[in-house]
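Peer 1: So the chains spell out like this:
2 protein chains.
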Amino acid sequence: MEDKKFVKEIQSKEEDYSRWYLDIVKKADLMDYGPVKGTMVIKPYGYAIWENMQKDLDRRIKETGHENAYFPLLIPESYLKKEMNHVEGFAPEVAWVTQGGNEPLEERLVVRPTSETIICSMMSQWIQSYRDLPMKLNQWANVMRWEKSTKPFLRTSEFLWQEGHTAHATYEEAEEEALQMLEVYRAFVEEVLAMPVIPGKKTENEKFAGAEHTYSIEALMSDGKALQAGTSHHLGQNFSKVFDIQFADQNNQMQYVYQTSWGSSTRMIGGLIMTHSDDRGLALPPKVAPIQVIIIPILRGDKETVRTKAHELATELKQAGVRVKVDDREEMTPGWKFNEYEMRGVPIRIELGPKDLEKEQFVLARRDTGNKEFLPLANFVETIKEKLDQIQKDMFDKAKAFMDSHTFEINSIEEMKEQLLKEKGFMKSWWCGDLKCLDEVKEETGATARNIPFKQREGNGKCVCCGKESTTTVYFARAY
Amino acid sequence: MEDKKFVKEIQSKEEDYSRWYLDIVKKADLMDYGPVKGTMVIKPYGYAIWENMQKDLDRRIKETGHENAYFPLLIPESYLKKEMNHVEGFAPEVAWVTQGGNEPLEERLVVRPTSETIICSMMSQWIQSYRDLPMKLNQWANVMRWEKSTKPFLRTSEFLWQEGHTAHATYEEAEEEALQMLEVYRAFVEEVLAMPVIPGKKTENEKFAGAEHTYSIEALMSDGKALQAGTSHHLGQNFSKVFDIQFADQNNQMQYVYQTSWGSSTRMIGGLIMTHSDDRGLALPPKVAPIQVIIIPILRGDKETVRTKAHELATELKQAGVRVKVDDREEMTPGWKFNEYEMRGVPIRIELGPKDLEKEQFVLARRDTGNKEFLPLANFVETIKEKLDQIQKDMFDKAKAFMDSHTFEINSIEEMKEQLLKEKGFMKSWWCGDLKCLDEVKEETGATARNIPFKQREGNGKCVCCGKESTTTVYFARAY
Chain A
1 MEDKKFVKEI QSKEEDYSRW YLDIVKKADL MDYGPVKGTM VIKPYGYAIW
51 ENMQKDLDRR IKETGHENAY FPLLIPESYL KKEMNHVEGF APEVAWVTQG
101 GNEPLEERLV VRPTSETIIC SMMSQWIQSY RDLPMKLNQW ANVMRWEKST
151 KPFLRTSEFL WQEGHTAHAT YEEAEEEALQ MLEVYRAFVE EVLAMPVIPG
201 KKTENEKFAG AEHTYSIEAL MSDGKALQAG TSHHLGQNFS KVFDIQFADQ
251 NNQMQYVYQT SWGSSTRMIG GLIMTHSDDR GLALPPKVAP IQVIIIPILR
301 GDKETVRTKA HELATELKQA GVRVKVDDRE EMTPGWKFNE YEMRGVPIRI
351 ELGPKDLEKE QFVLARRDTG NKEFLPLANF VETIKEKLDQ IQKDMFDKAK
401 AFMDSHTFEI NSIEEMKEQL LKEKGFMKSW WCGDLKCLDE VKEETGATAR
451 NIPFKQREGN GKCVCCGKES TTTVYFARAY
Chain B
1 MEDKKFVKEI QSKEEDYSRW YLDIVKKADL MDYGPVKGTM VIKPYGYAIW
51 ENMQKDLDRR IKETGHENAY FPLLIPESYL KKEMNHVEGF APEVAWVTQG
101 GNEPLEERLV VRPTSETIIC SMMSQWIQSY RDLPMKLNQW ANVMRWEKST
151 KPFLRTSEFL WQEGHTAHAT YEEAEEEALQ MLEVYRAFVE EVLAMPVIPG
201 KKTENEKFAG AEHTYSIEAL MSDGKALQAG TSHHLGQNFS KVFDIQFADQ
251 NNQMQYVYQT SWGSSTRMIG GLIMTHSDDR GLALPPKVAP IQVIIIPILR
301 GDKETVRTKA HELATELKQA GVRVKVDDRE EMTPGWKFNE YEMRGVPIRI
351 ELGPKDLEKE QFVLARRDTG NKEFLPLANF VETIKEKLDQ IQKDMFDKAK
401 AFMDSHTFEI NSIEEMKEQL LKEKGFMKSW WCGDLKCLDE VKEETGATAR
451 NIPFKQREGN GKCVCCGKES TTTVYFARAY
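For the protein sequence lines, the chains are A and B, in the order given.
If you're matching positions, the first sequence starts at 1 in this note's numbering and goes up one per residue.
If you're matching positions, the second sequence starts at 1 in this note's numbering and goes up one per residue.
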């Protein structure tokens with residue numbers, strides 16, 4: 001019997017968070033590094049998580065009236081240049097195609113870093129009258145940003161995402177759409193990824209290149225750094241004016257449309273990892289886990305009876321829609337398997353030996369808490385389904401408690417510095433509205449304004465930077 | 001009431017097949033042209049067809065034991081160059097990335113035209129021992145081939161596809177895999193797209209660049225030209241030797257793996273159109289139709305009763321898993337709507353007026369045959385589900401009858417020329433095995449060897465080109 005050491009060579013979280021993260025993505029077999037700097041391969045286990053995320057989010061996007069479409073990967077340079085802020089934001093970090101086949105191209109092409117420009121150019125052909133509005137599109141695609149410093153899932157030169165693009169007759173309708181999609185993200189991330197988030201509005205200096213304003217949901221990783229987990233932009237008429245997207249309104253007057261765009265990406269997988277995992281490896285919420293239940297028969301004595309029962313139970317679970325696997329390999333010890341599936345973050349492990357069968361019971365071990373209990377085989381499927389729901393809820397609650405206990409009321413830059421030395425988290429502060437104060441906070445502490453949360457405090461207080469009386473609450477944090 | 005002319009400005013199929021095809025893809029709202037030559041936008045209605053195809057094919061790929069993954073878009077030039085035949089086949093038609101951000105790259109990167117090279121480079125790291133085999137991967141991705149002459153769906157510089165890549169311990173196992181995946185394609189294309197195909201082996205001159213041999217399924221379009229609808233390649237050890245993919249076998253001897261790759265793309269949408277559509281527009285088999293049933297209430301007399309009933313029926317169908325839509329807009333006439341949904345290829349149209357309700361009946365019109373009948377509202381859902389199955393079957397049978405009646409036994413190049421002037425189709429001929437004969441047939445007639453069908457004729461006959469006694473049957477055709 002081949003019995004590998006139980007040591008999994010994961011760096012501990014406490015000692016080196018960054019190393020711990022890199023160990024997990026590799027040891028849990030989520031990804032590998034690609035040959036071109038900054039690229040990665042999403043391996044089957046990581047991709048299965050993405051597929052589960054996609055399926056759920058795609059349903060929510062369609063339920064809110066959007067249709068999927070597909071736009072070309074390559075965008076002419078002249079398109080990118082039309083919106084000034086947009087080109088300034090993206091030009092330094094795009095990949096350029098300059099040759100097709102054996103011939104140099106007349107005009108350079110950009111590998112899309114995002115698709116506003118090409119989608120706007122099409123919308124200008126498709127939209128003529130108010131009857132064509134609203135136009136609500138979404139695409140699932142790969143995008144590329146030539147990043148200098150990269151990290152698996154969190155920042156890679158190529159990543160997968162969905163990007164929504166809509167056009168509306170009025171400012172109000174576009175605003176409603178941008179807010180609706182942020183709420184779709186919030187619900188998805190909290191309900192499916194079990195990651196609590198702060199929804200709010202980005203400050204001017206942090207908004208999307210070309211947007212009127214940007215909304216975001218901000219999550220807090222277990223090292224106290226923030227992660228932007230989804231953004232929704234109200235583009236106003238910034239793009240419609242340069243791409244000439246006009247419609248005849250009900251009075252036959254030509255008007256420019258108001259637009260939104262919103263995106264969420266494979267970055268969320270990085271967030272998922274840093275929210276829930278520990279020194280034993282990955283921990284996945286049941287709703288996105290490729291394997292929700294692993295059954296490990298303890299093959300002693302009457303092996304075949306145990307094995308058969310294990311497969312029977314798996315079949316029952318499968319029929320009930322549970323993603324389950326039996327690992328009945330004999331060349332690995334149960335102990336090796338326990339470690340392996342802990343590393344991979346499988347929410348429930350079931351152990352089943354000959355003695356358990358005699359007593360009509362099984363062992364259930366929870367990945368999130370580490371708790372182990374003996375449970376009766378009667379009502380097996382129901383028990384498992386309840387546990388999965390419970391785990392999903394408990395993982396969210398635990399992350400929420402962490403976020404709450406790592407949200408600090410901070411009244412000055414000095415306080416913020418001290419807090420950051422002690423323990424990182426969200427720095428809840430008053431802000432006077434002056435962008436210079438945000439710059440100063442960033443320079444002094446490394447923390448940026450994550451967003452202006454929708455849930456504002458009553459009353460007022462002193463600006464964290466200049467001390468002026470302020471009524472706006474901002475969440476600051478060091479961020480990924 | 002806005003009543004547009006019923007004229008749909010589709011060129012008739014007889015007069016100009018190519019124009020007819022382009023009219024359909026535009027008027028049925030499947031696509032639009034992108035700004036870069038040879039690219040296209042897949043519009044929501046076209047993309048919904050692709051999603052239905054993907055869902056079904058993805059299930060089949062997973063059921064045969066493959067896992068999805070995602071590999072980077074950009075491939076270093078040096079990788080492409082490793083396999084000589086491969087680079088010769090693809091280098092003339094790739095897009096080159098030469099600059100990232102503001103800096104020129106040290107090594108040029110290829111936008112993947114297919115992913116053998118990058119996947120092989122990863123497999124060489126992942127595969128160590130026989131225990132790692134077989135490795136069976138698939139990815140859904142965009143690929144790019146810098147084509148000189150393009151046509152929507154059939155040949156575009158960027159297209160969407162799935163590409164499977166597997167590694168095996170033995171030649172036999174790889175061969176079995178290549179054949180199995182061709183069979184998966186055959187079943188999918190025939191059962192879901194209702195397109196009959198000829199499965200067979202490609203001749204040497206038509207195989208994939210870098211393969212030992214290639215299998216294909218070949219469909220026949222309604223103009224008598226063939227379309228390759230899926231290919232499966234046995235790569236032998238061609239790639240494993242240059243990418244050094246070795247494994248320790250059970251005797252601890254190092255061996256090179258045997259590999260396969262197989263792909264199917266948005267090209268199939270082009271095939272779907274050319275197999276089933278007519279001068280009234282697109283015709284879709286129920287299994288891929290985004291809307292399977294369109295209900296058009298005839299809003300006369302007691303409008304609200306009719307409208308309510310229409311929505312009730314739609315709800316019943318939805319609950320039974322049927323994709324249904326009610327079009328109860330009053331600004332369009334029923335006649336306009338009839339044309340619109342015929343153009344879009346919706347398999348079943350239901351008309352429902354006040355008189356129908358009195359008689360407890362409805363009108364069912366089939367898109368494929370044009371037949372219209374009155375049917376009782378009793379057993380509504382069951383009736384519709386049976387009709388959908390019947391339509392799916394009838395569309396296949398009709399296409400099969402067309403293919404059979406357009407498969408001609410041809411014994412000489414002269415006969416082939418005559419047949420091609422009369423009516424195009426599959427030219428079933430004997431072939432001696434000499435590649436020069438294939439070249440000559442192509443030069444003289446424009447027809448290429450589509451494949452050597454698995455279903456061979458008994459006995460022997462004279463080679464269509466040189467007249468030598470031959471035992472191999474080949475299907476020739478002009479092809480897309």
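Be aware that one or more of the hints could be misleading.
A pair holds if it fits inside one copy or across any two, identical chains being indistinguishable in the list.
Using 27 Å as the maximum straight-line C-alpha spacing, the simulated DSSO-like pairs for lysine-lysine come out as follows [to be verified]:
1. Lys422 - Lys359
2. Lys207 - Lys148
3. Lys455 - Lys359
4. Lys359 - Lys428
5. Lys37 - Lys136
6. Lys455 - Lys424
7. Lys318 - Lys55
8. Lys325 - Lys55
None of these hints come from the bench; they were simulated from the model.
Peer 1: If you test the structure against every hint from before, which numbers come out violated?
Peer 2: 1, 3, 4
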